[in-house]
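Generate the whole structure from the sequences, applying the supplied hints.
Protein chains: 2
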Amino acid sequence: MAQQRPPMIYYSAAGSGVAEVKVILSGFVLHGYLGMKTLTFKTLGLILSVSSGLSLGKEGPYVHIATCIGNVACRMFSKYSHNDGKRREVLSASAASGVAVAFGAPIGGVLFSLEEVSYYFPPKTLFRTFFCCIVAALSLKFLDPYGTNKIVLFEVRYMTDWKFFEMIAFILLGILGGATGALFIKASRVWAQTFRRLTLVKNWPILEVMLVALTTGLVSFWNRYTRLPVTELLFELASPCDTFTHTGYGLCPTEGRIPNVVGYLCIAFVIKAILTVITFGIKVPAGIYVPSMVVGGLLGRIVGHMVQYMALKYAGSGIFSNCPADGNPEACVVPGVYALVAAGATMCGVTRLSVTLAVILFELTGSLDHVLPFSIAVLVSKWTADALEPLSIYDLLTDMNSYPFLDNKVRPVFTTELGDITQRPRPERVIDISNSPLVHAKELRQKLEYLQMAGELDGGLPIIRESVLVGLIPAPDLEFALDKLGSEDSSLCLMSMHTRWNGLEDETSDAVDLTDFTPYIDPAPVALAVHSPMDLVYECFVKLGLRYICVLRDGQYAGMVHKKAFVKYVKHLVGQAA
Amino acid sequence: MAQQRPPMIYYSAAGSGVAEVKVILSGFVLHGYLGMKTLTFKTLGLILSVSSGLSLGKEGPYVHIATCIGNVACRMFSKYSHNDGKRREVLSASAASGVAVAFGAPIGGVLFSLEEVSYYFPPKTLFRTFFCCIVAALSLKFLDPYGTNKIVLFEVRYMTDWKFFEMIAFILLGILGGATGALFIKASRVWAQTFRRLTLVKNWPILEVMLVALTTGLVSFWNRYTRLPVTELLFELASPCDTFTHTGYGLCPTEGRIPNVVGYLCIAFVIKAILTVITFGIKVPAGIYVPSMVVGGLLGRIVGHMVQYMALKYAGSGIFSNCPADGNPEACVVPGVYALVAAGATMCGVTRLSVTLAVILFELTGSLDHVLPFSIAVLVSKWTADALEPLSIYDLLTDMNSYPFLDNKVRPVFTTELGDITQRPRPERVIDISNSPLVHAKELRQKLEYLQMAGELDGGLPIIRESVLVGLIPAPDLEFALDKLGSEDSSLCLMSMHTRWNGLEDETSDAVDLTDFTPYIDPAPVALAVHSPMDLVYECFVKLGLRYICVLRDGQYAGMVHKKAFVKYVKHLVGQAA
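Chains A and B, in that order, give the protein sequences. Numbering-wise (our numbering), the first sequence opens with residue 103 and increments by one. Numbering-wise (our numbering), the second sequence opens with residue 103 and increments by one.
It should be emphasised that the hints constitute simulated quantities derived from the structure, not laboratory data. Keep in mind that the hints are not guaranteed to be accurate.
One copy or any two copies: either way a pair holds, since identical chains are not told apart in the list.
[Said to hold, decoys possible] No more than 20 Å apart at the CA atoms, straight line, and that leaves these computed lysine to aspartate or glutamate pairs for DMTMM-like: (1) Lys385 / Asp534; (2) Lys549 / Asp585; (3) Lys666 / Asp637; (4) Lys415 / Asp579; (5) Lys288 / Asp471; (6) Lys139 / Asp497.
Below you can see the structure in the form of structure tokens.
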């Protein structure tokens with residue numbers, strides 16, 4: 103597969119990587135995705151892609167980079183490298199610290215890890231993740247890369263509290279932001295399935311990058327807002343106007359010039375929205391968080407200025423009765439708040455994060471008064487987006503790449519039981535030791551190859567004696583044990599530790615080696631009765647993190663269900679319901 | 103039990119109730135604890151206890167009251183009243199909204215629910231809890247009970263950023279706060295085991311309340327700080343001084359008067375600490391959050407003024423090189439920050455909450471700069487407190503009341519397997535249908551009574567046929583089914599649906615009623631092999647929320663482990679390790 107692709111491209115380093123981190127934390131293995139090579143290439147590539155001025159963010163890749171660091175660090179300690187659960191805990195905390203550093207929002211990082219990437223998050227992991235994020239934020243404070251002595255990406259301070267009539271506008275922004283986010287996902291899908299399928303683009307991803315860069319340059323240069331780097335633009339959009347900057351130009355217009363500014367912002371909105379769609383998915387390290395916030399910020403600023411215009415025009419009457427007609431145009435309506443509210447709503451529409459976004463926005467502003475507007479817009483946005491498009495951007499990527507990911511957010515309504523998806527046991531998929539605890543190595547190799555052909559590299563072979571399940575040997579362990587054998591032709595492998603057979607001595611002649619495979623055997627694989635409700639099966643896969651479940655009927659072995667088969671079944675169910 | 107207690111006291115309404123809510127959410131039933139009666143009594147009682155001026159808070163009881171409301175509301179909808187999982191989700195969200203309203207911190211509420219009360223918290227519940235907290239905060243904003251148009255309990259704003267040398271002080275405050283919290287727990291235990299065991303106090307809890315109230319009145323009146331209500335005192339302690347209030351008196355002293363103020367605060371600290379210990383646990387609705395924060399706040403303010411004194415005395419030299427000698431005494435060190443940092447650290451020592459506290463402190467101040475000091479103090483405090491006293495205040499209450507709660511935070515290191523704690527199957531604890539699927543109702547009643555004597559009201563009776571587990575009937579269902587029978591003497595109950603026996607017709611003469619019990623039977627109880635590692639058993643109890651696990655040996659029924667027995671085993675293990 104990799105050989106057919108152009109040699110200059112290292113696919114693991116492209117994109118944001120958040121979807122893949124999520125899949126890895128759910129228990130699947132994407133080989134090399136969190137390795138040293140990815141770390142190096144992604145870090146170098148990110149410097150180039152961010153400084154190019156394309157409509158992309160560095161926040162998502164930060165998560166991937168931080169997770170790589172966590173993974174590489176794990177390899178140094180056997181406690182973590184040998185224990186998958188422990189390692190995942192470290193990876194969760196690393197991903198959190200990525201967000202903490204990207205936004206300068208340590209608590210937002212903790213919630214990101216909880217809400218987006220982690221599969222199971224007990225309070226102990228919460229505390230450790232929190233610790234990791236605080237240490238990350240402290241390092242940032244000491245290193246002071248922005249030179250402001252602040253850790254936040256940017257900081258805006260609103261001194262004016264919001265008025266009750268603005269609640270309508272905030273709800274509207276939630277709807278618009280959610281819809282924009284959902285449409286972005288739909289547009290991304292269409293773009294990936296049409297333009298990116300063209301033979302030329304498919305074979306030459308670098309060509310696509312160059313085309314996008316060229317388009318961005320040509321289109322963006324003529325509008326002040328599209329020319330700015332994304333983070334700076336978002337900061338400008340979200341900022342309130344100090345009274346002295348009310349020159350009537352730029353983002354702080356006087357009443358008469360508002361229509362003009364709105365027109366200018368509308369053009370920027372259209373350009374930025376299109377650029378973000380065509381940029382997302384090109385093969386450079388690129389995140390979607392801040393670009394989606396910028397698109398939302400433009401939208402919010404447009405709405406904000408329109409509300410501001412009305413408040414100035416109809417000042418003192420109706421719902422604007424408390425707004426002064428003269429003086430500071432921001433006395434009543436601060437368009438910067440609208441920009442940040444819509445930025446959060448749009449990012450929610452794209453990622454479907456909720457509490458995390460409310461916290462990050464809060465950490466960017468420190469405005470106690472505005473926690474409620476942010477939160478309400480995020481809530482409304484999530485409902486709107488979920489109604490228009492059930493998949494978040496990460497679900498879309500997971501789906502397009504066919505990663506075997508069992509979503510723990512949407513749980514289908516099950517009416518079936520385990521027996522309905524259990525395959526009957528076939529002799530090539532079990533190790534039967536009814537006659538003898540000794541099995542020929544050749545036979546084991548055959549069974550292993552059969553399993554590998556079925557794509558169940560991470561599966562296992564149950565060991566049964568007179569139809570009773572007495573153990574299970576995981577496929578990777580069996581492979582390891584067989585590979586260690588000198589000669590497979592003449593080896594007999596001991597597959598049971600509990601019972602001694604009578605004829606054991608007779609059977610082992612001098613010509614064969616007797617090898618003990620019992621250390622590799624799991625003596626108590628998780629087994630459920632055939633009538634177990636599917637809800638229990640779901641919980642076992644999601645909460646216990648199992649890869650396969652053995653099935654028993656009246657105490658006897660009756661088959662096995664692999665997680666992949668279960669994921670397929672759940673996807674089918676959800677697909678039917680949608 | 104209730105009859106032996108004095109009639110005037112309704113025990114469910116006393117205390118904070120957070121420990122009990124936690125136990126209920128872990129899956130156990132405390133009858134009537136979340137009912138209408140508790141709701142009414144606790145609300146009325148809380149008004150009286152808070153206005154009494156005792157050293158107690160309203161925040162914990164808010165959690166209990168909110169959970170009662172959630173529970174009463176659940177009863178109106180069959181979707182929630184009949185589904186225990188759904189109901190617990192509502193209760194989680196209610197508890198969160200209690201904290202959200204108490205502190206005016208909606209995000210803090212979400213984290214409280216996650217970190218303290220909920221047993222299992224998937225992202226879907228997170229979003230719903232968030233929604234509930236935002237609605238609660240919005241109601242608060244509209245109702246505006248404080249008349250400030252703000253939702254927060256109190257709001258402090260620090261305009262001065264912290265200096266690096268202060269980090270040492272913040273770490274020290276974390277240690278002191280954690281130690282204070284741990285000592286508070288130890289003192290509470292001693293007080294409960296000595297004074298509260300006195301016959302007079304035990305039989306007349308009202309006497310204790312009166313004694314505590316009398317002591318509080320006599321001791322508190324003479325010191326300005328101890329006389330203030332707890333919330334107001336905390337607000338004063340945490341507030342920065344505006345320049346014009348530097349009269350040299352009160353909490354904003356000039357350099358020369360600092361030792362004086364520190365002395366006055368020390369007296370207040372000692373009084374308040376002792377009052378809080380003797381107040382906690384009296385039989386009135388009373389929380390510990392704000393009182394513990396006040397004790398910590400006094401401690402922090404003492405340290406803060408001492409650091410301030412040094413900074414003023416040695417201004418311009420050494421670590422104080424950036425501090426001006428004259429002018430505003432708070433130019434370098436703001437003692438209010440120290441007070442809030444120590445308040446958080448002490449509350450952490452008492453409750454062992456971490457992220458929640460950092461968020462609540464952040465929501466009270468909105469100070470981006472101070473997120474790091476708060477968080478670091480909380481982290482250090484948690485370590486210190488855990489080292490001095492492994493139990494949080496809720497664990498202490500849970501232990502003292504012997505609630506069967508399986509702590510999902512501290513997981514012991516298991517080296518054993520399931521077989522080590524499995525009791526051999528005894529004939530009176532199983533229903534054997536090897537000979538016939540029909541069992542006499544009298545026999546079933548005997549088995550049920552045996553189970554009830556063993557204290558396993560929520561247990562179950564496994565159904566076995568020729569040593570193979572074919573089903574299980576939960577004790578409450580069996581009781582319900584037996585109670586519905588007209589006459590137990592002559593009834594035969596059908597206990598298996600899957601196989602038809604040959605002699606079925608012969609056996610059922612006209613004299614007996616044949617009753618079908620199969621609808622009550624769980625055809626697939628969760629069963630694990632006898633060699634399953636104890637870690638898996640732990641995960642099944644904690645994550646799957648099981649009440650009992652059947653045990654199989656080579657496919658045959660080999661016993662049963664009830665959650666209570668497992669909790670006892672885990673407590674024993676943890677006790678040995680400590």
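To see whether the hints hold, each was checked on the structure:
no.: 1; hint: Lys385 / Asp534; in the structure: neither (49 Å within a copy, 65 Å between copies)
no.: 2; hint: Lys549 / Asp585; in the structure: within (14 Å within a copy, 55 Å between copies)
no.: 3; hint: Lys666 / Asp637; in the structure: within (17 Å within a copy, 24 Å between copies)
no.: 4; hint: Lys415 / Asp579; in the structure: neither (75 Å within a copy, 69 Å between copies)
no.: 5; hint: Lys288 / Asp471; in the structure: neither (34 Å within a copy, 40 Å between copies)
no.: 6; hint: Lys139 / Asp497; in the structure: neither (26 Å within a copy, 47 Å between copies)
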